[in-house]
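**Q** Sequence:
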Amino acid sequence: METTNKLKDTNEVLDFLFSEFPNCFKQKEGIKPLKVGIFKDIAERIEGSDKVSKTQVRQALRKYTSNWRYLEAVTKNEFRVDLDGNQAEKVEQEHVEHAEKALAESRAKMAKRKKPQRPNNRDGETKSYKKKPHSRDRQDQKRPKMSSKPAEVKPKRSGKVEPLPAEQVKVNNKVKVKLGQALVNATITEVKNDEVHVELVTGMQVKTKADSLYIQ
0 METTNKLKDT
10 NEVLDFLFSE
20 FPNCFKQKEG
30 IKPLKVGIFK
40 DIAERIEGSD
50 KVSKTQVRQA
60 LRKYTSNWRY
70 LEAVTKNEFR
80 VDLDGNQAEK
90 VEQEHVEHAE
100 KALAESRAKM
110 AKRKKPQRPN
120 NRDGETKSYK
130 KKPHSRDRQD
140 QKRPKMSSKP
150 AEVKPKRSGK
160 VEPLPAEQVK
170 VNNKVKVKLG
180 QALVNATITE
190 VKNDEVHVEL
200 VTGMQVKTKA
210 DSLYIQ
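Under numbering that gives the first Met the number 0, the residues of the sequence shown are numbered 0 to 215, in order.
Heads up, some of the hints might be wrong.
DSS-like, lysine-lysine: derived pairs with alpha carbons at most 25 Å apart [to be verified]: (1) K175 - K208; (2) K25 - K208; (3) K173 - K39; (4) K39 - K25; (5) K111 - K208; (6) K39 - K50; (7) K177 - K100; (8) K191 - K62; (9) K175 - K206; (10) K100 - K175.
Have a look at the derived ranges for each label pair, beta carbon to beta carbon [stated by the list, open to error]: (11) E194 - E161: 20 to 26 Å; (12) V168 - E99: 25 to 31 Å; (13) S48 - A110: 39 to 45 Å; (14) V168 - E11: 31 to 37 Å; (15) E161 - E28: 40 to 46 Å.
By construction, these hints were calculated from the structure, which means they are not laboratory data. Where is the CB? At the ideal position from N, CA and C, for every residue including glycine.
Build out the structure end to end from the sequences listed, making use of the hints.
**A** What follows is the structure, given as structure tokens:
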């Protein structure tokens, strides 16, 4: 009896996607933005497969689309591609801006991790090179600074963001999903009990709850 080696590791699932859809998924060179709704297309192609599950594909897509190379591809390519490498829809400007923001945040975190520490003294304490302020400087610091510029009045947003009505929690509906403190444009790809799967503008797959979805 023939046995099937079911994939377990996310990297193995990515290798599966690289081999099954070489014109769409690339490891390093030639990466291009994926067609919106690519998960649904993959699910149809692997229907009945004992080697990989839809959940594993979703996790692999999340890792693939959050990679620096992929985010850079979103900012540099005009069109997306389907599973066969054919040109799909155009990359919208808001998708580019979201990818640029994600890149900047990721690079900032990486730079923070690599930030060198100050050398320690013999007692193991961090040396401080901060110059003590002069007595006159300390008095100046206590005085409140007066600004000659008038206070800037920020314009109020005209559009209201409201929770997505329950009857609109449907596949293919355009929504805004709350990620941390930000609202990101997304498309509903699957509704399963209390869980809602959405695809962000960058192509990343995210699992959330209906009460985290909004409409503008």
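**Q** Now, for every hint given, state plainly whether the structure supports it.
**A** Outcome of the hint check:
1. K175 - K208: Holds. K175 to K208 sits at ~12 Å (cutoff 25 Å).
2. K25 - K208: violated (31 Å)
3. K173 - K39: Cα-Cα ~16 Å, so holds.
4. K39 - K25: holds (19 Å)
5. K111 - K208: violated (32 Å)
6. K39 - K50: holds (17 Å)
7. K177 - K100: holds (16 Å)
8. K191 - K62: holds (22 Å)
9. K175 - K206: holds (13 Å)
10. K100 - K175: OK: K100 and K175 at ~17 Å, within 25 Å.
11. E194 - E161: 20 to 26 Å: holds (22 Å)
12. V168 - E99: 25 to 31 Å: holds (30 Å)
13. S48 - A110: 39 to 45 Å: Because 41 Å falls inside the window, the suggested range holds.
14. V168 - E11: 31 to 37 Å: The hint (31 to 37 Å, Cβ to Cβ) holds, given that V168 and E11 are roughly 33 Å apart.
15. E161 - E28: 40 to 46 Å: Once the Cβ atoms are compared, 44 Å apart, the range 40 to 46 Å for E28 and E161 holds.
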